[in-house]
Structures are given as C-alpha cells and as structure tokens.
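**Student:** Keeping their order, the protein sequence lines are chains A and B. Just so it is clear: in the first sequence, position 65 is 112 by my numbering, and no numbers are missing. Just so it is clear: in the second sequence, position 18 is 36 by my numbering, and no numbers are missing.
Simulated from the structure, these hints should not be mistaken for lab results. Built from N, CA and C at the ideal position, the CB exists for glycine as well. Check before you lean on any hint, since a few could be wrong.
Computed far set for chain B versus chain A, every beta-carbon distance over 12 Å [stated by the list, open to error]: (1) Gly71; (2) Pro73; (3) Pro137; (4) Phe164; (5) Thr167; (6) Arg200; (7) Asp202; (8) Arg235; (9) Asp273; (10) Val275; (11) Arg298; (12) Asp322; (13) Gly336; (14) Ser344; (15) Asp378; (16) Glu428.
One-sided and incomplete, this derived list gives chain A residues near chain B with beta-carbon spacing under 10 Å [stated by the list, open to error]: (17) Met48; (18) Tyr50; (19) Leu130; (20) Glu132.
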Amino acid sequence: MQYMMFVCTDSTAPAYDPAQDNIEEWAKEVYDGGVGVHGDRLRPAEDATTVKVRDGELRVSAGPFAETTEWIAGYDVIECADLDEAIEIASRHPMAKFGQIEIRPAWPLG
Amino acid sequence: MATRVADALARASAEETARIVSTVIRMTGDFALAEDCVQDAFAKALVDWPVNGIPVNPGAWLTTVAKNRAIDVLRRAATESRALRRVAAEPDEPEPDGREDAGLDPDDRLRLIFTCCHPALPMDARVALTLRTVAGLSPAQIGRAFLVTESTMEKRLVRARARIRNAGIPYRVPPAHRLPERRDGVLAVLYLLFTEGYSATGGDSLVRLPLIRESIRLARLLVELLPADAEARGLLALLLLQHARTAARTDANGDVVTLEHQDRSLWDRDAIGEALDILRTAPPDAGRYELQARIAACHATAPDAAHTDFARIASLYGRLAVITASPVVELNRAVAVAMFQGPDAGLDLVDAVAAGGALDGFYLLPATRADLLRRVGRRREASIEYERAWALAPSEAEKRYLRKRMDEMER
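One chain only, chain A, in its complex shape (with noise of 0.2 Å):
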C-alpha cells in the first residue's frame, strides 16, 4: 500500500534539538531501501499559493487555504505492507519527536 506522510509541527512538541535530529540517517534507510518513493521538505504556508476556479474565473491568493496553527513542514510517500510498516517508519522520523506525523493512505483512482 502506499502512504503519505504528513509531516507537520506540534506546538505542543518538545523544542527541536538538533543533535537528535537523524533525518539524513532516516533518509538514506527510507529511500535506499526502496520503501521511500518521493519525498522532500516543503517552504512554509506563507509562501503557499491558493487557486480555485468560480463561475469560470481563475481566482488566486496568497497563503493557504486554511489559516491553522500547525503546517505541514515536509512530506514523503512511502510504499509499505501495511499500516503497522508505515507507523515504524514514521515512528523514526525526527520529526516524530518534535512535532507530528499523520499518515494517509492513498487512495487510486480505478
């Protein structure tokens, strides 16, 4: 199956400390075992850009299109057996230590 992972800051999180931060480590494991397939760190939701198209119009803003108090810092799809394989994965991510990580299943189309 593959996921998603979310991965996005907890307020409410331990400070980030950056001697446990691992990710090049948690990187090289995910993609170069072949469980990784895209994934990479996302600028933050100021630089987001909006776009909705209304009554034929083209209509963009600036921002998200949800104004919340968590964001989503990065993100990678990851190929697993199942739900427990993804939640190991994700468990290792330094990011599960200092903020959050939701995992979605993707869901193809057909």
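For this one, chain A is given, so just place chain B on it according to the hints.
**Tutor:** Quick look at chain B alone, frame taken from chain A:
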C-alpha cells in the same frame, strides 16, 4: 432434537465464533466478508443439523462451511483477486465431521484481538469489534449494552471494518518490540468493557452484566494465549476480585453499599480463590493491573473493614501512583492513609490532590473530602462538600447515597 441443536449452536456461537471468524479472516484478509460468511454458516447449521444431526466437531463443520462460502463469494466477485489466491493456497480443512481440530490455530485468535484493539481504531470501534468479532456478540446485544440501537451499532461496526481495510491495519500479532505497548492497549479495551458493565453509567444495570461476563471471558482467553504475560494475569485477577463483590454492592432498593458496609458473606469466594491463586504465581515487579489486583486482594482477604491491612493498601497505591501518575490513585491513597493514620492525615493528602486541580469536577473528590471532614466532626464543611459531590455524581444510586449523607449532616 430442536433444543439440542439450539444448545449446540448457542455453545458454538459463544465458544467458537472468534476461532472461526479469525480463521476465515486469515484466509481472506477481509473482516466484513469473514463475519458475513460465519453468520451464513450458522444459518446453514440451523437448517442442516436438525436433519443430518449435530456434527462431532461443530467448530470444524462451521469453519468449513464458512470458508467454502468465502471462496464462493470471492470467486463470483473477481476470479483473479489476490484474496482468492490466498484462500486457494490454504491447506484444505479436514473433513467437517472429523475429530481433528480444524486447523483452528490459537494464534489466529490472538491476531484477531490485536487487530480489533489496534490503536489506529477509535476506542468505541475497538470495543465494538472486540465484542462482535472476538466474543461473538450480536450487534443488537452490543447495542443494548452501550445504550444505542442495533442499527447504530451496525453502522459503527461497518465503519470500523472499512477503516481496517482502508488504513491497511494488518491482521497480525505485533513484533516483540511493540508487544508490551500493544498488549497494554488490549488490556485497556478489556478493562473498559468491564468498568462499563460494572459501574453502569446509565440505564438499567442488568443489561450491563453480559459486558462483565465477556470481559472476564476475554481476559481468561488472553491469559491462555499469552501465558507468560504478568499484566494479562493481573488484569484477570483484578476483574475476578471486583466482580466477586457484585452481589454485595447494592441493597434490595438498588442503593449503593460502600465496601466497609458490604455483607462479605455475599462475596463470591470461588472467584476470590481463583484470583488469589493467580496472584500467588505473579512475579514481584508488578504492573498497574496487578497492583490494583493486590489492593483488591487486601480487601477480599480481610474479615471485615476494621481488620483490613490499610498500611499495605496505602503502600500499594503509592507504587501505583508512581506508574500511573494519576490523581485518582493519589485520592485512593489518601483514603487508605486516613484508615490507619487517621482522617487528618488523609485530609492533608486530599487537599494536596485538590490543589493540583486535575480532579476539578470529579465527584469523588468532594465526596472523599466530605467523608473525612465528617469523621473529624467538621459537619458544616462536610455537608457543603456532600452537596458539591451530589451535584456532580453520575448515577441516581450515587446521588441517593450522597443525599442520605447530606441529610445526616444537617440533623
């Protein structure tokens, strides 16, 4: 014959449903399909057994019928489906009337329990699925126990099964490094089932008895499946000890009888004996359920309230407080301390808990304070605290008890 068939079916439903459903889930990977097929198998037995006789091994018969039904459904749905290939690859079940245990691996039931209690499911779904799939209760029975309609419970079960499928929750016993925390999750579901039945937070208490019975049966099953697990045994001991007091907990009017005033001859000595045997073999580094069981055992073995070893109870609560960091446990410790060091010592501890603020709005905080104030003769303050507790109490029986105390203080 009709009664014998009905009896055999009822027994198979109670004892075999979990095994059969879990076997078919292992083969198909599909919860909803497995449960439907097992229901079909029971329906077929209702017709077949009165004519052809009750099979020597009803469980094996039902498993074979359910499995064949699953193959039929899958074949019709998609001949090339992955699930069908998996079923086809399964070794054949022995003859339905054979004496052999039809490949009903006890591990299947363990997989089923861990899947039903997966932390990625909402708690109400875990509870409903466990009762439906592991305990074999009908949606109507589960609905009655939780005071919702059968169709509401059906919908909850449908959503839960859909979530298992869509989120990719595996049908598996967790690996060793996750087992302790996942085991804790299972125990929490079983304990919730029990307390839901035991404390009857609403409605008629009679409909809750099946929950108590099922939670004890499931705890027993878990002990059987995880024989080396001390906390599973601790939970079973705890449930047995609490359940042993059921007959003495309310009087003829349905009013609450507190522990110190209970008629101890009404306590179930067999259940207490079984629990004490379990605790005798338990290792020394006790977890939260075992500590609670040991506290309950102190009460269960005391001849009366006055001769209870409250010093030991207070020390067990102290150890429990370290593990749980729970203010409710601190409150209970305060009560135990009051029993052997006097109400003033207890009051100091209760006031410290109250100052923490975590129990604001919890009726047992003012109720406990009121009892201790009454015992040191501060009747006016006690009366105010009883009234506060009365306003917060969750059930009519507790409200009546607190009202009685309030009236005594004003006399």
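**Student:** Please flag the earlier hints that this structure goes against, numbers listed from lowest up.
**Tutor:** Hint check: 3, 6 fail, others pass.
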